[in-house]
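First to last, the sequence lines map onto chains E and H.
Residues 310 to 533, numbered by the working numbering, are exactly what the first sequence covers, in order.
Residues 516 to 717, numbered by the working numbering, are exactly what the second sequence covers, in order.
Cβ pair distances, simulated, as ranges:
| # | chain 1 | residue 1 | chain 2 | residue 2 | range |
| --- | --- | --- | --- | --- | --- |
| 1 | E | Leu369 | H | Leu579 | 45 to 53 Å |
| 2 | E | Leu369 | H | Val651 | 44 to 52 Å |
| 3 | H | Gly600 | E | Thr496 | 51 to 59 Å |
| 4 | E | Thr384 | H | Thr546 | 21 to 29 Å |
| 5 | E | Thr482 | H | Phe533 | 46 to 54 Å |
| 6 | E | Met454 | H | Glu577 | 34 to 42 Å |
| 7 | E | Pro488 | H | Gly675 | 20 to 28 Å |
| 8 | H | Gly675 | E | Gln508 | 46 to 54 Å |
| 9 | H | Ala532 | E | Ser314 | 35 to 43 Å |
| 10 | E | Trp481 | H | Glu551 | 39 to 47 Å |
The calculated lysine-lysine pairs, modelled on DSSO-like cross-linking and capped at a C-alpha distance of 30 Å, are:
| # | chain 1 | residue 1 | chain 2 | residue 2 |
| --- | --- | --- | --- | --- |
| 11 | E | Lys407 | H | Lys547 |
| 12 | E | Lys407 | H | Lys581 |
| 13 | H | Lys654 | E | Lys407 |
| 14 | H | Lys654 | H | Lys710 |
| 15 | E | Lys371 | H | Lys517 |
Bear in mind the hints are in silico, worked out from the structure with no lab data behind them.
All of these numbers come straight from a predicted model, not from anything done at the bench.
Backbone N, C-alpha and C fix where the C-beta goes; we use that ideal spot for every residue, glycine too.
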Amino acid sequence: MNEDSPVQILKSNVWYSNPIFIQILGICSTLAVTNNLSNTFTMTVGLMFVAAFTNITVSLLKGIIPRKVRMILQTLIIAFYVIIVDILLRAYLPEISKALGPYVGLIITNCIIMGRAEAFAQSHGPLISAWDGITSGLGYMWVLMLIAFVRELMGFGTLFGIAVLPAGFTPWTIMVMAPSAFFLLGTFIWVAKTIILKQEASSMQPKPGRKQASCSAMQPKGGK
Amino acid sequence: MKKNGLIYTVLISVVSAFLFVFLLSLAYGATKGKVEENTRLTEARAYLVASGITVDGDTDIEALFKSTFPGFDKDAAYQTTTVNGKSVVVSPFQGNGLWGTITGVIGMTSDLQRIVGFEIVSHVETPGLGGRIDEVWFKDQFKDEYAANGIVVKHGGGGGDKDPDNGVVDGITGASRTSDSIQTIVNQQIDKIKKELGGTNQ
Chain E
310 MNEDSPVQIL
320 KSNVWYSNPI
330 FIQILGICST
340 LAVTNNLSNT
350 FTMTVGLMFV
360 AAFTNITVSL
370 LKGIIPRKVR
380 MILQTLIIAF
390 YVIIVDILLR
400 AYLPEISKAL
410 GPYVGLIITN
420 CIIMGRAEAF
430 AQSHGPLISA
440 WDGITSGLGY
450 MWVLMLIAFV
460 RELMGFGTLF
470 GIAVLPAGFT
480 PWTIMVMAPS
490 AFFLLGTFIW
500 VAKTIILKQE
510 ASSMQPKPGR
520 KQASCSAMQP
530 KGGK
Chain H
516 MKKNGLIYTV
526 LISVVSAFLF
536 VFLLSLAYGA
546 TKGKVEENTR
556 LTEARAYLVA
566 SGITVDGDTD
576 IEALFKSTFP
586 GFDKDAAYQT
596 TTVNGKSVVV
606 SPFQGNGLWG
616 TITGVIGMTS
626 DLQRIVGFEI
636 VSHVETPGLG
646 GRIDEVWFKD
656 QFKDEYAANG
666 IVVKHGGGGG
676 DKDPDNGVVD
686 GITGASRTSD
696 SIQTIVNQQI
706 DKIKKELGGT
716 NQ
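The following block holds chain E by itself, in its conformation from the complex:
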């Protein structure tokens, strides 16, 4: 099976090598923004945009960038797109820009983007790299949205700011704070891993997930 076919990339980034629950990348934003669905959504869309365009640019420039300075230039490219997103939000969507505050800038330090630029875009063409960026963003988005769903529902009794639970409901304060994201993410990894292991055991075929060594080099920079 071709590892780099668009469908394989989609499956891999959304499930088998999901950036959040398999590669455990970009955790600081997982802990911080996920107590509110609207913020989570904008943040993940921003990440998807930056990941896709960074991948395209890195892929286009890979031929002329010397190996020695490739990482610092990747950071430059990521910072460039993040500031572009920030400028666009400020000019055309001031409300969202206000709500997200410093988090737009923090996309720069999200390991998923640099991880994909280094692991994928450095060795692939621009179109397929863009797809890789978008699907990585999707993999990030659905996990964060799920966590945000539980946190906002239990923490505030609302979904996207609209009250859904009865007024008598006592909000779970812990769900608003960062530690709850740890508990939820841990539970999520447990469930996801169990499903993946079951799938592997029942199919007894080599799993289609891609090599993960590529990302281990990026891992120590998780903190915010």
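Given the coordinates of chain E, work out where chain H should sit on it, guided by the hints.
Leaving out everything else, chain H in the frame of chain E:
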């Protein structure tokens, strides 16, 4: 030129840094007017809200602002206006939050007994935690709150404070530091308005 040589490496780094920053400044220049316009509108809106005027999506903020504050002076410490027959003192504030400067506008009755309105213009507090100072429920607590002796932003308990006569508003769960900052900023501002108006410190 050797691709891994020093000269090529430096050249590429400088050229790409220049190129990307150049594009950024282009984008910044192109949207500058729009951003300034947004900032101005946000401020005008904040002044209106602080004077106790209800502003929604259809309000012509610009026109309403001009009619409410005909002699608006950007650098003045406070503005006075009359809303629904009551005279109001409106004053812009700024102070330190947890991560950066919080700016906004606060309005008080002219006898400085009660807060009329409270609006945040800008802040860089943590979204979802301290950033919730910009949510409507938080700002609405200040409306009509008795504040002749300043206010207290309450921590803990969980019961909530609905009494507008005790000068106590609810803090934000998970953001005690930002809540403290708001308390300090608002109290300092109230003192400042008192001094500016030359009133006695009651």
